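There are 4 protein chains.
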Amino acid sequence: MPMRAHPPTPLREQVLHANQELFRRGLARFTFGNASAIDRHANRILIKPSGVPYDQLRAEAMVVTDLDGGVVEGSLRPSSDLATHAALYRAFPHIGGIVHTHSHYATVWAQAGREIPCLGTTHADYFHGAIPVTAPMTDHAISGEYEANTGGAIVARFKTLDAGSMPAVLVAGHASFCWGATVAAALETASILEEVAEMAYHTIVLNAEAAEISSALLDRHFLRKHGSEAYYGQRPSS
Amino acid sequence: MPMRAHPPTPLREQVLHANQELFRRGLARFTFGNASAIDRHANRILIKPSGVPYDQLRAEAMVVTDLDGGVVEGSLRPSSDLATHAALYRAFPHIGGIVHTHSHYATVWAQAGREIPCLGTTHADYFHGAIPVTAPMTDHAISGEYEANTGGAIVARFKTLDAGSMPAVLVAGHASFCWGATVAAALETASILEEVAEMAYHTIVLNAEAAEISSALLDRHFLRKHGSEAYYGQRPSS
Amino acid sequence: MPMRAHPPTPLREQVLHANQELFRRGLARFTFGNASAIDRHANRILIKPSGVPYDQLRAEAMVVTDLDGGVVEGSLRPSSDLATHAALYRAFPHIGGIVHTHSHYATVWAQAGREIPCLGTTHADYFHGAIPVTAPMTDHAISGEYEANTGGAIVARFKTLDAGSMPAVLVAGHASFCWGATVAAALETASILEEVAEMAYHTIVLNAEAAEISSALLDRHFLRKHGSEAYYGQRPSS
Amino acid sequence: MPMRAHPPTPLREQVLHANQELFRRGLARFTFGNASAIDRHANRILIKPSGVPYDQLRAEAMVVTDLDGGVVEGSLRPSSDLATHAALYRAFPHIGGIVHTHSHYATVWAQAGREIPCLGTTHADYFHGAIPVTAPMTDHAISGEYEANTGGAIVARFKTLDAGSMPAVLVAGHASFCWGATVAAALETASILEEVAEMAYHTIVLNAEAAEISSALLDRHFLRKHGSEAYYGQRPSS
Numbered sequence: 001m002p003m004r005a006h007p008p009t010p011l012r013e014q015v016l017h018a019n020q021e022l023f024r025r026g027l028a029r030f031t032f033g034n035a036s037a038i039d040r041h042a043n044r045i046l047i048k049p050s051g052v053p054y055d056q057l058r059a060e061a062m063v064v065t066d067l068d069g070g071v072v073e074g075s076l077r078p079s080s081d082l083a084t085h086a087a088l089y090r091a092f093p094h095i096g097g098i099v100h101t102h103s104h105y106a107t108v109w110a111q112a113g114r115e116i117p118c119l120g121t122t123h124a125d126y127f128h129g130a131i132p133v134t135a136p137m138t139d140h141a142i143s144g145e146y147e148a149n150t151g152g153a154i155v156a157r158f159k160t161l162d163a164g165s166m167p168a169v170l171v172a173g174h175a176s177f178c179w180g181a182t183v184a185a186a187l188e189t190a191s192i193l194e195e196v197a198e199m200a201y202h203t204i205v206l207n208a209e210a211a212e213i214s215s216a217l218l219d220r221h222f223l224r225k226h227g228s229e230a231y232y233g234q235r236p237s238s
Numbered sequence: 001m002p003m004r005a006h007p008p009t010p011l012r013e014q015v016l017h018a019n020q021e022l023f024r025r026g027l028a029r030f031t032f033g034n035a036s037a038i039d040r041h042a043n044r045i046l047i048k049p050s051g052v053p054y055d056q057l058r059a060e061a062m063v064v065t066d067l068d069g070g071v072v073e074g075s076l077r078p079s080s081d082l083a084t085h086a087a088l089y090r091a092f093p094h095i096g097g098i099v100h101t102h103s104h105y106a107t108v109w110a111q112a113g114r115e116i117p118c119l120g121t122t123h124a125d126y127f128h129g130a131i132p133v134t135a136p137m138t139d140h141a142i143s144g145e146y147e148a149n150t151g152g153a154i155v156a157r158f159k160t161l162d163a164g165s166m167p168a169v170l171v172a173g174h175a176s177f178c179w180g181a182t183v184a185a186a187l188e189t190a191s192i193l194e195e196v197a198e199m200a201y202h203t204i205v206l207n208a209e210a211a212e213i214s215s216a217l218l219d220r221h222f223l224r225k226h227g228s229e230a231y232y233g234q235r236p237s238s
Numbered sequence: 001m002p003m004r005a006h007p008p009t010p011l012r013e014q015v016l017h018a019n020q021e022l023f024r025r026g027l028a029r030f031t032f033g034n035a036s037a038i039d040r041h042a043n044r045i046l047i048k049p050s051g052v053p054y055d056q057l058r059a060e061a062m063v064v065t066d067l068d069g070g071v072v073e074g075s076l077r078p079s080s081d082l083a084t085h086a087a088l089y090r091a092f093p094h095i096g097g098i099v100h101t102h103s104h105y106a107t108v109w110a111q112a113g114r115e116i117p118c119l120g121t122t123h124a125d126y127f128h129g130a131i132p133v134t135a136p137m138t139d140h141a142i143s144g145e146y147e148a149n150t151g152g153a154i155v156a157r158f159k160t161l162d163a164g165s166m167p168a169v170l171v172a173g174h175a176s177f178c179w180g181a182t183v184a185a186a187l188e189t190a191s192i193l194e195e196v197a198e199m200a201y202h203t204i205v206l207n208a209e210a211a212e213i214s215s216a217l218l219d220r221h222f223l224r225k226h227g228s229e230a231y232y233g234q235r236p237s238s
Numbered sequence: 001m002p003m004r005a006h007p008p009t010p011l012r013e014q015v016l017h018a019n020q021e022l023f024r025r026g027l028a029r030f031t032f033g034n035a036s037a038i039d040r041h042a043n044r045i046l047i048k049p050s051g052v053p054y055d056q057l058r059a060e061a062m063v064v065t066d067l068d069g070g071v072v073e074g075s076l077r078p079s080s081d082l083a084t085h086a087a088l089y090r091a092f093p094h095i096g097g098i099v100h101t102h103s104h105y106a107t108v109w110a111q112a113g114r115e116i117p118c119l120g121t122t123h124a125d126y127f128h129g130a131i132p133v134t135a136p137m138t139d140h141a142i143s144g145e146y147e148a149n150t151g152g153a154i155v156a157r158f159k160t161l162d163a164g165s166m167p168a169v170l171v172a173g174h175a176s177f178c179w180g181a182t183v184a185a186a187l188e189t190a191s192i193l194e195e196v197a198e199m200a201y202h203t204i205v206l207n208a209e210a211a212e213i214s215s216a217l218l219d220r221h222f223l224r225k226h227g228s229e230a231y232y233g234q235r236p237s238s
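Chains as they are written, first to last, in this note's numbering: chain A, 1 to 238; chain B, 1 to 238; chain C, 1 to 238; chain D, 1 to 238.
I should point out that these hints are in silico values taken from the structure, not numbers from a laboratory.
These figures come from a predicted structure and were not determined experimentally.
Just a few of them, taken from the derived set where beta-carbon distance is under 8 Å, the chain B residues facing chain C:
1) R29
2) R77
3) S80
4) A110
5) G113
6) D139
7) I142
8) Y146
9) H174
Virtual Cβ for every residue (Gly too), placed ideally from N, Cα, C.
Bound-form chain A, shown alone (with noise of 0.2 Å):
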């Protein structure tokens, strides 16, 4: 990935625009979702202000933190998601946007506790297998620091999976989270993980039994879209 060097003004811009496109394409509704990024350079997070409707965000309003959580910069509260956006930029220094939503069916395979098998190739084109989902929390890490535990949750199950090809997770009884290089990419992450899980929902409730596709195929998807050998779309020169 490379140094990126966005002004603090720019990243805002993309924040505020990010958050708005998950309300637009109804992967939020109310105001149950939130989008932030970071400069990596400055080791600022700038984040969605806490229960602010979508039609009344503005650039001004997003929250500036350090990577601890401490607000930093802005008048209104940070979402109170903050703590595990936080965690995740701490845990995965190649990301620099997040996105979590309450997005319809990837919230229905958190609630189910299930991971999101790989059925097909729309799943193959943008995630490297079955898409993961945290370990229940303990009620003892629910009282304490929640936000900053769900973090902890994604990290642990983070430990064998690697987050630059897994760009999104579930969190049991919860929602998702998806990441990416930009927010701008997360976003885009956060409406594919949409459309790939209703689709293995309605294969799965067709046929419990579906198999997952091929390493073969899976391997074939992913890497003609990723990495140094994709031939997908065209060069970034053209």
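Fit chains B, C and D to the known structure of chain A by using the hints.
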């Protein structure tokens, strides 16, 4: 709940707006649904007239009744469900508005005769536990004062429940009623109920054994949005 | 039902409007559906021409036929389902309009070969019992006068049913036909049927053992909207 | 099929239009889908460039190739699925256009690895039997000329089928391909396939034992729309 002192005209507009929103949000189709509010100072209920299409409603057409459902003002018949609304206003003294809809998935759970289990945090953010369903009504109750007895069935179901932390109910074989401090709050609850009902439907179809979330997680989410320790959203003064 | 005395031109407009509404409401896609009306004084049926896209229909293009389906006026072929409509007009002398659609969930029940059980009051408000499905047609009936025999299968199914209180049928493996005093009423019934079919679908998937509502509740809801004791809506004079 | 003699420019517009319609009709989201046409006189295929968003496509950007998929004209890379299209054009000499989509329910059946049974007349009006699914591809076929081998899997499946009366296929674990005399006809088939796939999905979920319609009914509906005895729609001269 603070004392409300809306003069009759604004309340009339609130009731009109809520009825129109039922239609605009897709919660009520054709004429399946109605919203009401109560003026607790004057002991007057304002409710939609029966069978009038939502796009032809005007504020002046709202029917004003006393707490026994007797028409005090208005030339049109009140909603045929008035007696149910009146029973709820009498039994739940802290509520200021009621919304009745046949919204799709809430009605599906009512028809299935099943309460909606709390399967995730989206649900826990708004409802403090499973959304209850009434017992089936006897033939005697149906052939008698049917609409009043529907209210009685709801009130009976709430003997062991708190209408403040559980602002919705499913009437078996029929549909849902939602309430709140204002008719706008009842409308918001009806919108969330439909979303939660759809999420729970798909979760149970995907995994019939899906577990309710823990009491710890239920409390954490409900209480971070409601009550004196709430930390979601902006402080009232901001 | 009062005698109707619509002159031919308005009836033509009614039929055009109903056909266009089928498309606008999403009840018919492509060219899957047709609406007709009958002038009982003149014994003339007006029906959509076959295979013409809904957005290209004009009132003058409606085909006029006699009760045996013989074309009396119009240069285009009538809908290929004309003979089914004609059979219903002959068998049910009180109906004034018919709508045939492949609307999604009604068709799903027809394909599943199952009648739609009365699982709730939304259904009971419009249909006095389960919505019937015809017996499968024999190869002989299919290879003969297929469309007329489809009408015959419907009429046979209604030997023990009343077309007045049950204004819809599912043709097994095919789709639905609805009717009413006017083509506008038939269209309204087709809209409600689709909603009721979708609610019943989700209810049965959620709870395969979901029970039909009691006769007492069925009668209460059907009769509060229909018949001499109806108390839903406004009095005709108001 | 009559000989077609479209000059290159109109065909280019047809291909552009079909690609844009895939997106407008919701059959393809993001960049999941592509449409092509063939000029049988010149033996030239026109296809969408790879990975270009539908709203940025222009007619001039369509890539022209020979029947082996070699680029003849155009500065952009062709769709990565070109080799599949080319294999179908070589194997099915009567087709003039191909559409590939990941439309939701057709993809669900492909992921479930099940052919779509003919459960009703909506299906029978367009497809003369169950819509077939290919055999899973071997690792060898996947790691080799994957897209060409996908075409090979389709052609193998059609050894005992007629591409004229069965204008669609499901590729196991992937999605659908549809074809027709023109790219517009292939697009129409893709639209109908999605509708039929969704109807069949809900039918099988409602009744896992739902029976296919009889051969007599299948033939009746397919042949009243197709072939020399067709009587649906208007005569070509009208």
